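So the protein lines, in turn, are chains A and B. For the first sequence, numbering that gives the first Met the number 0 gives the first residue as 0, with consecutive numbering after it. For the second sequence, numbering that gives the first Met the number 0 gives the first residue as 0, with consecutive numbering after it.
I should point out that these hints are in silico values taken from the structure, not numbers from a laboratory. There's no promise every hint is true.
To be verified - Label-pair restraints from in silico Cβ distances:
1. 285(A) to 183(B): 51 to 61 Å
2. 217(B) to 308(A): 18 to 28 Å
3. 8(B) to 244(A): 37 to 47 Å
4. 177(B) to 139(A): 40 to 50 Å
5. 113(A) to 262(B): 44 to 54 Å
6. 78(B) to 149(A): 36 to 46 Å
7. 149(A) to 185(B): 52 to 62 Å
8. 120(A) to 182(B): 19 to 29 Å
9. 98(A) to 128(B): 57 to 67 Å
10. 308(A) to 273(B): 36 to 46 Å
11. 285(A) to 166(B): 34 to 44 Å
12. 20(A) to 273(B): 40 to 50 Å
These numbers come from a predicted model, not from an experiment. Heads up, the beta-carbon is just placed ideally off N, CA and C, and yes, glycines get one too.
As a plain string of letters, each chain reads:
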Amino acid sequence: MTVASATLTPQQYLTRLTRWRVIEVLFWLSLLLPYVLFPDYLALASQIAITALFALSLDLILGYAGIVSLGHAAFFGLGAYTAGILSKYGWGEPITGLIAASIVAGAVGYATSFVIARFRHLALIMLTMGFGLLLGELANSAGGLTGGVDGLQGINTWPLLGVFTFGLFAKTAYGYSLCVLFLVFLFARRLIHSPFGLALRGIRENAIRMPAIGAPSRAHIQLIYTISAAIAGIAGALLAQTTETVSLDSLSFERSAELLVMLVLGGAGRLYGGLIGAAIFMIARDQFSGIAPQYWYFWIGVLLVLVVMVLPNGVLGGLAKLAAPWRRK
Amino acid sequence: MLPPVIGVLFDGFAYGMLLFLLSVGQSVTLGMMNFINLAHCSFAMVGGYVTAILMNRYGWPFFATLPLAFVISAAVSVLFERTLYRRLYRATDLDQVLLTIGIVFISVAAMAYFFTTAQQPIQLPSYLRGSVRFKGIDFAVYRILLIVLALAITVILVWSLEYTRFGAKVRAAVDNQRMASGLGINVDGTFAITFALGSGLAGLGGALAINIVGLDPSFAFTYLVYVLIVVSVGGLGSISGSFVAAALLGISDIAGKYYVPQIGAFLIYLVMISLLMWRPTGLFGRR
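So that you can see chain B by itself, here it is in the shape it has in the complex (with noise of 0.2 Å):
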């Protein structure tokens, strides 16, 4: 019985790991600006299909798509900022919702005529395909890598939002955006920054998320929902919060699915509803 624990323990984490790269930006940029940024996904499908068209009709390697994978998505979504979201900080929930819900229906029809409603399926090289094998329980070699590169990038966000110069203007920004932009931190160039580093995150996350979850036009609309809660149960701004909330979540989707497949996602809908109704500010949110 021990193993088969050890197992699904292991691959919810890698998976929450997934959910974590995805949802880091979200959490941030909502903490910031509170702006209820619903196309976070589609950004993040930009960037897993960056990743599929150039491995599949260019032959890139795998690890060469990642870092475009990062900078398109980034890219594309500072375009969306500044042209779109910038005018709706100050505007209510309703609008915020409507004209980012629209951004995700655009989305999907877009990738669907350019890329066909398929799943874009990718061929890994063989070194991350096999698995190890350790006291007799298989670790595969990709959900390794998940970790790993998830830990890292964990590391380095913290690093950096607790000791330079630009971390503590987030920080700042976070904590009293009229506050901080009393002490001359421009909060909207901080801002537009965040927003870019949040979205490249989420675009190497669905660049990640092809070989364990596919890749389809719907991606945007079915993760929306996963980082959506990890974002609302973690507490907004937190980075911690969404690690320890992405981690819960990954574990908790499939160990559900391993243990008692007949309830599927039910369980995860009331976890976070009863979290949230618990507290409504999140896990770690101070607001």
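Isolated chain A (complex conformation) (with noise of 0.2 Å):
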């Protein structure tokens, strides 16, 4: 690498990087098989892809600007919950659905972004975990609006574009899910592969050489955790509008930390770390609880501590680890 990227300019080395692969194109059409082979299980693939799309917004802060955040289910929950009420309260809309959502989410995001980026280590989790709680607890005693630990109920989804309804084969859902993070996708390869996303590595690396530099780290910070909690927005609005209930367990610390678990296992750092972490992760939950769903979070923990002892990079990461000799010769 480093004879390679010594004669290349900057702007060669990220128009480089931005190129698609060929692995990358299989990737995206293999997601449209379930059509054809699982026709039964498009309900948890559509879970699945919602899942991915949260797990990349929290990539976006952890693995890129190394922001260790242990509430974000927060602002998923904050998407859920702005969709669902929108729907019960008479507009269904799906798509102005998402849109409100990444609005709410993002403001609050940004909101914080204050506090956040002014803190690093303890302090940022214990903060990022206490606004996680602050919100679960305000949802919880706010039951007029959010319907308390029964959850809420009544959401009616109109029709995708007037036309696709949401049935009980889920067709409608995964198609708009998976689409929905595409899009998103697409958004944040172009984000990590622009100088911004330059300097969010930079910042993860080291924060407080950045500005040395002449890149303002706060402000790289705040902006990059606004996205992110706008993109967890989206993909809490996607669960309420396809599943049409949201409980209180949207916002809750466990999902923060299956989150960071499902990132970690399948490579933070890396956007297609989060996809690969949360298909694993909801599949494999979806064979085991079947046997013994108490003991599920015994196999978690087992992982956890193996990712961090054996593959510190994720799966993605041990994948490239053993590629790396044959892309070299």
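If you follow the hints, you should be able to join the two separate chains into one complex; please do so.
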């Protein structure tokens, strides 16, 4: 890499990263296969696409900017409740619902980003966790609006584009979730391969040195945190619209922790890390929970310890390491 | 109006003392190694289960189980420290968080597997169940015991940190780890002992907590939040900080639930966030 990059200008380096590779195209095309191969599992596939989108949003702040968040479910829940409440009170149009959810989540993300950008290490982890818990309590006590522990009932999502109804077999739900995931992914991909994305990686590696070379770390962190919150809000809204229910669970600490697990399992700091991690995690949960629901967490725990000890860059990092000698030759 | 105020203060203080026992070890070890250990309450849970099992299955008296809760929690924690934790002292925050969350998940599932997810109630001896009447206010004997125990432990801790050779080593390591090892102090060994002591105290706290907050496998998660609040608000490595923070948190939690039940835990998180924004290193933190 050092030999090759020495002859590249920064522009050429970034342009080279943005080029689509064959395997990426194949990956996205393969996501259409569930329609043919597993028509009974489209509901699960739709959930996976939504979770992957959520994981992508965490990847932007954790994998690229190095902000460890234990409360990212707050934005997911905000988006879910925004879309859900809008729909319950008479506006069930899905796409504008998504936009409203992303605006609300993004606005709260922007408001909290002023605090987030000032801290690191334990204080940062505590603050993100605190915001998450705070919002969870808020949703719990505002039972009149959110339905409290019973969850938000009575959501009615209108047909997508006025044509495709959300039926029992989740055909529309999967297509819708997949399209949104792909569009947001394109945006994230563009963002990460821009000079801004490069600056984010610089912040991750050394937050003190970046301002010294003229990059405004705090402004960058604020921007990416807001974007990430908005994307998490979209993911939450998708879940609310496709399942037509929202529970307090969507804001919980466990959801934030699970999300971290997925992302790290797939490989943080890689665009496809969150997608792969979410798919492995959700499919494994679907398979294992049938056998022993309450012991599922045992295996997540074992997985986490193993990932940290054996596979520090996740599944994709491990694969890249295996593939590295091949690529050089 | 006055008696409820005193009653709430008393209950809150007793609760705070419980939180202090649970979190003081975390504070010192975090200050020493900068290691974010989210599994601290899992060790506390181990202590709780030791007491519950010994009392319910083998009929041990309550007080006889407490030393064992301390010892077994400490032993289990040292096992983890030597095999897993020590490899990650130089790792990133993220790796530490992930490893210890993994351990929390494992411990919760393991306890559910061995002892079911049901509550584990214990039958206290009769002399701990009543209450003492003083100037027309009832003070529960068990809560008095909690306060006395916690105060005694605080005195012992402060004394041993200030006046013993081991305490001097710990303080040196908290202040400046590299300098301390440069002076020939075995930081690694000192840390292992401190870690064991801290987890042992958490185990004791877990055993004492059964009668106040109950015990089931979710304990490790529920009280993790409280412990982290105490530690981050009190300041890393500060025993007096943890003491003040735990007392404040206990009193405000009980008072909040008593006077404004509809807000619930909301108040605590709000107080924590504002305190952290005001002083990111905690009330008594130096770094």
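Given a hint of 51 to 61 Å, does the C-beta separation of residue 285(A) and residue 183(B) actually sit inside it? Given a distance of about 56 Å, which is inside 51 to 61 Å, the answer is holds.
Do residue 113(A) and residue 262(B) keep their Cβ atoms within the hinted range of 44 to 54 Å? The hinted range 44 to 54 Å is violated for residue 113(A) and residue 262(B), with Cβ atoms some 25 Å apart.
Given the range 37 to 47 Å, decide if the beta-carbon distance of residue 8(B) to residue 244(A) lies inside it. holds (43 Å)
Is 18 to 28 Å a correct range for the gap between the Cβ atoms of residue 217(B) and residue 308(A)? For residue 308(A) against residue 217(B), whose Cβ atoms are near 26 Å apart, the range 18 to 28 Å holds.
Tell me if the beta carbons of residue 98(A) and residue 128(B) are separated by a distance inside 57 to 67 Å. Since residue 98(A) and residue 128(B) have Cβ atoms about 60 Å apart, the given range 57 to 67 Å holds.
Starting from the hint 40 to 50 Å, judge whether the C-beta atoms of residue 20(A) and residue 273(B) obey it. holds (48 Å)
Range hint compliance [Cβ, residue 285(A) to residue 166(B), 34 to 44 Å]: violated (53 Å)
For the pair residue 120(A) and residue 182(B), does the Cβ-Cβ distance stay inside 19 to 29 Å? holds (26 Å)
Assessment of proposed distance window 40 to 50 Å (beta carbons of residue 177(B), residue 139(A)): holds (46 Å)
Using the beta carbons of residue 308(A) and residue 273(B), state whether their distance is inside 36 to 46 Å or not. Cβ of residue 308(A) to Cβ of residue 273(B): about 38 Å, so the range 36 to 46 Å holds.
52 to 62 Å was suggested as the range; check whether the CB atoms of residue 149(A) and residue 185(B) agree with it. holds (57 Å)
Measuring from beta carbon to beta carbon, are residue 78(B) and residue 149(A) in 36 to 46 Å? holds (43 Å)
Of the numbered hints given earlier, the model fails hints 5, 11; all others are met.
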